[in-house]
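**Student:** Letter by letter, the chains look like this.
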Amino acid sequence: TAGITQAPTSQILAAGRSMTLRCTQDMRHNAMYWYRQDLGLGLRLIHYSNTAGTTGKGEVPDGYSVSRANTDDFPLTLASAVPSQTSVYFCASSEAGDTDTQYFGPGTRLTVL
Amino acid sequence: GQNIDQPTEMTATEGAIVQINCTYQTSGFNGLFWYQQHAGEAPTFLSYNVLDGLEEKGRFSSFLSRSKGYSYLLLKELQMKDSASYLCAVRDGDYKLSFGAGTTVTVRA
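Protein sequence lines correspond, in order, to chains A and B. 22 is the number of the first residue of the first sequence in the working numbering; add one for each residue after it. 221 is the number of the first residue of the second sequence in the working numbering; add one for each residue after it.
Bound-form chain A, shown alone (with noise of 0.2 Å):
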């Protein structure tokens, strides 16, 4: 099986512009979640989504949006992008949001100049 998916693997993205960060599971998980990750500060949660229809902020969710229309997508929209954006963007899942481990796809690494 696939797992968890992302898409695109990197990209170079202008200052002001809009991008979305794609992810896919294939395992059913009721439970999804962003995350960043950038030296020195370890994964932070952006948003996340404990089933199909419901999302909430983590951490860090300003200059982030989030939907959650079915349970295998859960994209991550950056509406303008601004340089301290640049990060490693990690998506993940879990079969329950409260109990269970939390599977990481391959990330996103983007760059905003």
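Treat the hints with care, as some may be off.
[Unchecked claim] Selected chain A positions facing chain B (in silico; Cβ < 10 Å): (1) I33; (2) G37; (3) L60; (4) G63; (5) L66; (6) G79; (7) Y85; (8) R130.
[Claimed, not checked] To give an idea of the interface, some chain A residues facing chain B are shown, with a C-beta separation under 10 Å as derived from the structure: (9) N51; (10) Y54; (11) Y56; (12) L62; (13) L64; (14) E80; (15) P82; (16) G84; (17) V109; (18) A113; (19) T122; (20) Y124; (21) G128.
Please keep in mind that the hints were generated in silico from the structure rather than gathered at the bench. Please read all numbers here as calculations on a predicted model, not as lab measurements. All residues carry an ideal CB built from backbone N, CA and C; glycine is no exception.
Given the coordinates of chain A, assemble chain B onto it according to the supplied hints.
**Tutor:** Relative to chain A, chain B alone:
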């Protein structure tokens, strides 16, 4: 906010043992995870502790003391492929994961 501390770097020799410590102060506690992350790759799950004590999985063991806010990951019989970052993560009272910055382990021949 959450506070999770682990050393930045550790170096060890192939075949040796390395212990990575993690201390935490969080709003509530619902388990502690260890992940392995090779350079340029996704984190992969290694272990989970929710009760005090030692969990052993082959060459890897993880220990938890909730009263001390302390965990360690023990890597035995180190191999070159164990060179990676090791991430300590705590699930807090809201069931959200907070991660430490990671410990980069370098295994030398």
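**Student:** Regarding the hint that G63 (chain A) lies at the interface with chain B, is the smallest CB-CB distance below 10 Å?
**Tutor:** holds, 4 Å
**Student:** Does Y56 (chain A) pass the interface hint, meaning its C-beta sits closer than 10 Å to a C-beta of chain B?
**Tutor:** holds, 8 Å
**Student:** Under 10 Å is the threshold here; is the Cβ of E80 (chain A) close enough to any Cβ of chain B for the hint to stand?
**Tutor:** holds, 8 Å
**Student:** Using Cβ atoms only, decide whether Y54 (chain A) comes closer than 10 Å to chain B, and label the hint accordingly.
**Tutor:** holds, 8 Å
**Student:** Should the interface hint for P82 (chain A) be scored as holding, given a Cβ-Cβ cut-off of 10 Å against chain B?
**Tutor:** violated, 12 Å
**Student:** Would the hint on L64 (chain A) be counted as holding, given a Cβ-Cβ threshold of 10 Å to chain B?
**Tutor:** This hint holds: L64 (chain A) lies near chain B, its Cβ roughly 4 Å from the closest one there, short of 10 Å.
**Student:** Would you settle whether the hint for G128 (chain A) is holds or violated, based on the nearest Cβ-Cβ distance to chain B being less than 10 Å?
**Tutor:** holds, 6 Å
**Student:** Against chain B, with CB atoms and a cut of 10 Å, does the hint on T122 (chain A) hold up?
**Tutor:** holds, 5 Å
**Student:** Going by Cβ atoms only, is N51 (chain A) closer than 10 Å to chain B?
**Tutor:** Constraint on N51 (chain A) not satisfied, violated at 13 Å.
**Student:** Identify whether the interface hint at I33 (chain A) stands, where standing means a beta carbon of chain B within less than 10 Å of its own.
**Tutor:** violated, 17 Å
**Student:** Would you check whether A113 (chain A) satisfies its interface hint, that is, whether its CB is within less than 10 Å of any CB in chain B?
**Tutor:** holds, 8 Å
**Student:** Are L66 (chain A) and chain B close enough, Cβ to Cβ, to be under 10 Å, as the hint says?
**Tutor:** OK, holds: L66 (chain A) within 10 Å of chain B, min 6 Å.
Consistency with the previously given hints fails for numbers 1, 2, 7, 9, 15 and 16, ordered from lowest to highest.
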